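J.: Read off the chains here:
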Amino acid sequence: MDRYQFEGYISDYIENALSISRRKEFEQYLADNPEAKEQVDAVRKTIKSLNNLSQVRTSDAFVEKLQARIAQQNVIVPTEQQNRRPLIFGFTPLTATMMSLVVLAIVFVGYELLPSNPATQTAIPTQVTTNNVIPNPSTVAPVTNVNNESVVAETVEDSLSNEIESPQNKPDFDDRINYVKTQ
Amino acid sequence: MTDKFKYTDEELIARFQGGDENAYTELVNRYRNKLMTFVYRFVSDMEQAEDIVQDALVKVYTHKHYYKEVAKFSTWVYTIAGNLAKTELRKRKRRQTSSLSTLGLDDKDYELPAVELETGEHIQGEYTEKKIQEAIQSLPLHFRTVIILRDIQELSYEEISNIVSVPLGTVKSRINRARLQLQDALKEYK
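Here the protein sequences line up with chains A and B, keeping their order. Those letters in the first sequence? Residues 1 to 183, per the numbering used here, in order. Those letters in the second sequence? Residues 1001 to 1190, per the numbering used here, in order.
The hints are simulated quantities; they were obtained by calculation from the structure and are not laboratory data. Since we're looking at a predicted model, the values are computed, not measured. Ideal placement from N, C-alpha and C gives every residue a C-beta, glycine not left out. Treat each hint with caution, since some may be false.
[To be verified] Away from chain A, derived, C-beta distances all over 12 Å, residues of chain B:
no. : residue
1   : LYS1059
2   : VAL1070
3   : LYS1093
4   : ASN1162
5   : PRO1167
6   : ARG1177
[Claimed, not checked] Below are the DSS-like pairs computed for lysine-lysine, each with C-alpha atoms no more than 27 Å apart in a straight line:
no. : chain 1 : residue 1 : chain 2 : residue 2
7   : B       : LYS1172   : A       : LYS48
8   : A       : LYS24     : A       : LYS48
9   : A       : LYS48     : B       : LYS1034
10  : B       : LYS1172   : A       : LYS24
11  : B       : LYS1064   : B       : LYS1034
12  : B       : LYS1086   : A       : LYS48
13  : A       : LYS45     : B       : LYS1172
14  : A       : LYS48     : B       : LYS1187
15  : B       : LYS1059   : B       : LYS1086
16  : B       : LYS1064   : A       : LYS65
17  : A       : LYS65     : B       : LYS1059
18  : A       : LYS37     : B       : LYS1034
19  : B       : LYS1187   : B       : LYS1072
20  : A       : LYS45     : B       : LYS1034
21  : B       : LYS1130   : B       : LYS1093
22  : B       : LYS1006   : B       : LYS1072
23  : A       : LYS48     : B       : LYS1131
24  : B       : LYS1086   : B       : LYS1006
25  : A       : LYS45     : B       : LYS1131
26  : B       : LYS1072   : B       : LYS1059
27  : B       : LYS1172   : A       : LYS37
28  : B       : LYS1172   : B       : LYS1072
29  : A       : LYS37     : B       : LYS1187
30  : A       : LYS45     : B       : LYS1130
31  : A       : LYS65     : B       : LYS1034
32  : B       : LYS1091   : B       : LYS1059
33  : B       : LYS1072   : B       : LYS1086
34  : B       : LYS1172   : B       : LYS1131
35  : A       : LYS65     : B       : LYS1091
36  : B       : LYS1068   : B       : LYS1086
37  : B       : LYS1187   : A       : LYS45
38  : B       : LYS1064   : B       : LYS1086
39  : B       : LYS1130   : A       : LYS48
40  : A       : LYS65     : A       : LYS37
Generate coordinates for the entire structure from the input sequences, incorporating the hints supplied.
T.: Spelled out as structure tokens, the structure:
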């Protein structure tokens, strides 16, 4: 151990913070250098002198002056606490309100997009039947009347006319019922 | 155990944050002399020291919500007082109106009791106190702060490290070097 290392370990030695091996090394240095031992003793005395220094007390008027200053602070500058608003889940009231409105808007829009009655929803046929197949126009013979004229133009009118319930177009179920009864 | 020690410092500041003014009064009573000793040893002027301690305690009052319980209350309040004391010394240095060797000790409003040395005899009180105070003032600021906190206030190395925001190893090294410098300054007297 050299002089520089010795001085660096003085406080640790006095406070018993050296490892056993380091402490032995340090004490060996003290034994070899009497002036080093004197220095350690002097540092120890210095520490003790500082420990024994009296506590400095505040004046008797300290508390009154402090109260007056605090009162002055309260009047002139609003305290941090007075300015501070309580947090809602860690958010300021404004942010919390905005976030709540956004969530409500999302819920409302989502509700509006959903169908009100799932029963009225148009069912998509899972199986394609022959009735559902749209015929290929190229393979289908044009509809003709007895005079071999295209009747496409008339179909709309015909279909409309069928919807009008006239006495002539009404099926005569009475005859059929009589027919079943006689059989 | 009396009622005033019923609560820890951290519990008291929590109560004060909740609006209990009595908790603040209790903290003031616990810390005013400790802070006064720390700041006086630092700036060596009783009047200024008391003003700084008042400033620190007013700051505790107005900035109570800045305290978070991740640190000890003592660490927080010593940091505030230390920073204010350093600011005051910087101002004083700029003004250059006073000398460190004559500051404060002529103040007649305060009496400083004698220091009892290892020998057990009372040295001519003020002289000893004055000599030690002068020796402390001869230290650079970063040595002065740590030696006061360690050997006068008797805080732990960890607390000092938190107060001065310096690594533990650096604090230990500074304290050791400060002690050597102090011992050197007081050698002549002893």
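J.: So which of those numbered hints doesn't the model satisfy?
T.: 1, 6, 18, 19, 24 and 40
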